[in-house]
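Please model the complete structure; the sequences and the hints are all you need to start from.
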Amino acid sequence: ETGVTQSPTHLIKTRGQQVTLRCSSQSGHNTVSWYQQALGQGPQFIFQYYREEENGRGNFPPRFSGLQFPNYSSELNVNALELDDSALYLCASYGATSGGDEQFFGPGTRLTVL
Amino acid sequence: QKEVEQDPGPLSVPEGAIVSLNCTYSNSAFQYFMWYRQYSRKGPELLMYTYSSGNKEDGRFTAQVDKSSKYISLFIRDSQPSDSATYLCAMTRTGANNLFFGTGTRLTVIP
Chain A
300 ETGVTQSPTH LIKTRGQQVT LRCSSQSGHN TVSWYQQALG QGPQFIFQYY REEENGRGNF
360 PPRFSGLQFP NYSSELNVNA LELDDSALYL CASYGATSGG DEQFFGPGTR LTVL
Chain B
43 QKEVEQDPGP LSVPEGAIVS LNCTYSNSAF QYFMWYRQYS RKGPELLMYT YSSGNKEDGR
103 FTAQVDKSSK YISLFIRDSQ PSDSATYLCA MTRTGANNLF FGTGTRLTVI P
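Protein chains in written order, with our numbering: chain A, 300 to 413; chain B, 43 to 153.
In case anyone wonders, no lab produced these hints; they're calculated from the structure. Treat each hint with caution, since some may be false.
Said to hold, decoys possible - Quick list of simulated restraints, FRET-style, between CB atoms:
hint, chain 1, residue 1, chain 2, residue 2, range
1, A, Gly315, B, Gly101, 46 to 56 Å
2, A, Leu338, B, Ile152, 19 to 29 Å
3, B, Lys84, A, Glu351, 24 to 34 Å
Unchecked claim - Not close to chain A: a few residues of chain B, all C-beta gaps over 12 Å, as computed:
hint, residue
4, Met76
5, Gly85
6, Pro86
7, Phe103
For glycine and all other residues, C-beta sits at the position ideal for the given N, C-alpha and C.
Put into structure tokens, the structure is as follows:
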């Protein structure tokens, strides 16, 4: 059984650019959630995808968007990057093999916006 | 007021000490409670998972939930330098699709 993987590990962008982050869910998991973790803070929920559709969203603007693919992998897209978007972006998955509340996290992608 | 409050620390203890980490929350609908351990520049790792009130023990770790006080705790016995990390509490309610996290407590165990 493979865990949650994310790519890239690190990314540096400039203000106004667009970025795409990728996540492969743990084997058997069909639900993926994305979280933003600013330095010194706990993760904040961005949105969740289930069966390729958005299934809940946190307090993030529309320039944060996502996709889920038939193999349950997912992308997070952020347009018009702002300095405050600098953070660790975490992907978490769960599904039929675990309780809906036992979310397993990937290692994260550290995004720096200059 | 945040839904989940957690003392950010930092907390430093000598090796072998008993560590107590705590969170309070305001939403009485929360029923599922978790503790995650996060090493520097890594993703959170699920450590303990508890449903409703009560205690749960796993090796050196004990999680306690007191729903009447809206208070949860994680105890680490015989702490080791490898326990040095940030500990995040998280919780959610039935039907919710996201976790609500505390800010995390940074723990250092000194050899």
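Checklist line | C-beta pair A/Leu338, B/Ile152: status relative to the range 19 to 29 Å that was hinted | finding: holds, 24 Å
Checklist line | Non-interface label on B/Pro86, tested against every C-beta of chain A at 12 Å | finding: violated, 5 Å
Notebook entry, point to check: Far enough from chain A: is every CB of that chain over 12 Å from the CB of B/Gly85?
Noted result: For B/Gly85, whose nearest Cβ neighbour in chain A is about 4 Å away, the distance does not exceed 12 Å, so it is violated.
Notebook entry, point to check: Are all beta-carbon distances from B/Phe103 to chain A longer than 12 Å?
Noted result: With a cut-off of 12 Å, B/Phe103 remains clear of chain A, as the shortest Cβ separation is near 16 Å.
Checklist line | Beta-carbon spacing of B/Lys84 to A/Glu351 - inside the hinted bounds 24 to 34 Å or not | finding: holds, 29 Å
Margin query: Does B/Met76 clear chain A by more than 12 Å, comparing its Cβ with all Cβ atoms of that chain?
Written below: violated, 7 Å
Check: Do A/Gly315 and B/Gly101 keep their Cβ atoms within the hinted range of 46 to 56 Å?
Finding: Holds, at about 49 Å.
Of the numbered hints listed earlier, those contradicted by the structure are 4, 5, 6.
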